[in-house]
Amino acid sequence: MTQPAAPETRSRDAAEPPQPSGAASAGGLRVAQGSPNRLPVVVAIVVLAVTAALALISLALYHDNEDRLLRLRVRDAASVLTAAVPRIQTQLASAAELADATGGEVSRFRAFVAPSVGTGREFASVSLWRVTSPSDPMTTVGAHPVLDTMPGAHGFIVHAAHTGRLSVIGLFTPPAFGLGYALAAPGSSRGFVVYAESPLPRSRHTPTQSNSAFADLDYAIYLGRTERPSQLLLTSVKRLPLSGRTARSTVAFGDNALTFVAAARRPLAGTLPRSLPWIIAVVGVILALLGAAVTRRLVQRRRDAERLAAQLDRIAEENRRLYAEQRGIAQTLQHALLPEKMPRIPGAEAGARYEASEHGVDIGGDWYDVIVLDDHRVLLVVGDVSGHGLQAAATMAALRFAIRAYAVERDTPVEILAKLSRLVNVSSTGHLATVLCVVVNVDARELTVTSAGHLPPLLVCDGEGMYLRGHVGLPVGVDRAPTYTSTTVTAPAGATLVAYTDGLVERRGEHLDRGLERLCRAALVNGAGLDEFLERVLADVRSEQAEDDTAIVAFRWLA
Amino acid sequence: VNRDVDIHVEAGGSGAATVTLRGELDVASVDSLEAAVAPVIAGGVERLVIDVSELRFADSSAIALWVRWAAAVEDLELRDPSPLLRTVVTSMGLSGRLKLAP
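Protein sequence lines correspond, in order, to chains R and C.
Going letter by letter, the first sequence gives residues 1 to 559 in the numbering used here.
Going letter by letter, the second sequence gives residues 1 to 102 in the numbering used here.
No lab work stands behind these hints, which were simulated from the structure alone.
No experiment lies behind these values; they were computed from the predicted model shown.
Heads up, the beta-carbon is just placed ideally off N, CA and C, and yes, glycines get one too.
Be careful, since some hints might not be right.
[Unchecked claim] Every beta carbon over 12 Å from chain C, so not counted as near; a handful from chain R, in silico:
(1) 135
(2) 150
(3) 171
(4) 239
(5) 246
(6) 402
(7) 427
(8) 478
(9) 482
(10) 510
(11) 528
(12) 547
[To be verified] Computed footprint of chain C on chain R, listed as stretches where at least three residues anywhere in the stretch have a Cβ under 8 Å from a Cβ of chain C:
(13) 99-113
(14) 174-183
(15) 449-455
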């Protein structure tokens, strides 16, 4: 019966090599696409849009506020104008009552009104009129009334007498400009009307007084409810109409009205609110530029980082590939140097395994061989060249094929091992080799063990195991002419012999005897085929992180 | 676990040198040991003491190196080997070449 046991080819090639630290994992190959300028532009646009909105809001608030303030100022100023009405009314009413009480006594009237007439005083002229003869004044203090030269003058006097209120008329006959006020004595039946005139500057232009209610306003005052240029009383500007933001307020002025129109000379709420939109705009533009610059930098950095991560990923992948490739080459070479299949042995079977170290990419120096010597005898060989790499493998190959050659020449293991030291010399090559040769006489069940520094083979039968510890000679390559001694034992029927290299039993930090005990225990489990037996021994005995190569060869007599 | 080996070489007088090894010695670190001791060997030292009392592990390539040294000097001694090392040297049939002391 034959048991071809080709060296096991392990598919678990992908033992993980050390990962380069910092290699980016998932997603590392994703690199941001598109222009690096897109995001910064978006950021700048967003910031500019927000800036524009804020600037517009602030501008609107500024205008709104200025409008409101101007309206308030105009209303205040207009009310200041109306303050003149009671004073004039009081003066005219007093004069009218005096005339009424004295029956129109001119001298007393003149004496009464004289203090308020003249240059720099309230009125340019004050005159007393009688409704019954309204064509001429009874008496006049000061200048002759402009009213008297106007058509319809007496109508105005009559109208004033009937209304009983302060009547106001505009005097717009160049070169005389002014306002005329007429008032009848209240409740009087005698028909006296007092008429007074206040002049206006001929140009109707007045410089604004800095301490007045109009200090920061450009304004124009019209008689009546409209802004007719012909009805202009006073203005602070040289040219009308007023430019810019204006507000108007019309207030009652006797039986007439005054319309006050004003524009602010400078921002009423101060200069900051006016500048604020510009400040916001400038700051916003700066922020937009800064934001774009910073974003561009960040985007660039991120892309750099992603590119680096992708490179690291590629390098790691390349590393893994090279590692797998090198490991594959080493294993291929190793297997090429080992026997392809086990020979047929009548009455017995032989099997072998080779396991590379878990992490190694180097080829090892372990080997096994099964050589048929003649019809009854088989030579089992297990050897281990110290070190790793091609040199160790070359030495291994030399030794393996030398043993085959010497065996064909019918040399005994004692002779063979002695001759091997011609091929290897530790002092020149740095390598030595431990070799175990077991000649099995299948029919006689005899085992002749010869060891060149190798670990003892294990013989298992019927639940008992024993190591064949015979004479151990020097490893090959130590001495130029070493001598070896064989030990022969007889095996029980159905016995199994296991020869191996130290990678099977050696563990760091553990005494070698522990490993040998472990092997013995594992090998005692019986009842399996030789292949299954080898698998189980390897699985049970060999360290999962085995750092050394392992060769194991087994021989079993068929029951 | 520290997988490194710590090597200390001390060349004494009268042709003797001591190499003190700590840690673990294997195929990966044996070259550095060889390089460290090569000058001493080349200098014609006669007696080489390898203090292995704190060496936890040595593989066959380390033993091969020691065997080379043993061939190069007159007297080589492995001082205070651990039981493991003692067993390895003995089982390789090298106790005659690598003197184990004590």
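Here is what the structure says about each hint:
{"no.": "1", "hint": "135", "result": "holds, 135 Å"}
{"no.": "2", "hint": "150", "result": "holds, 124 Å"}
{"no.": "3", "hint": "171", "result": "holds, 118 Å"}
{"no.": "4", "hint": "239", "result": "holds, 99 Å"}
{"no.": "5", "hint": "246", "result": "holds, 93 Å"}
{"no.": "6", "hint": "402", "result": "holds, 19 Å"}
{"no.": "7", "hint": "427", "result": "violated, 5 Å"}
{"no.": "8", "hint": "478", "result": "violated, 5 Å"}
{"no.": "9", "hint": "482", "result": "violated, 9 Å"}
{"no.": "10", "hint": "510", "result": "violated, 8 Å"}
{"no.": "11", "hint": "528", "result": "holds, 28 Å"}
{"no.": "12", "hint": "547", "result": "violated, 7 Å"}
{"no.": "13", "hint": "99-113", "result": "violated (count 0)"}
{"no.": "14", "hint": "174-183", "result": "violated (count 0)"}
{"no.": "15", "hint": "449-455", "result": "holds (count 5)"}
Going through the hint list in order, the structure does not satisfy hints 7, 8, 9, 10, 12, 13 and 14.
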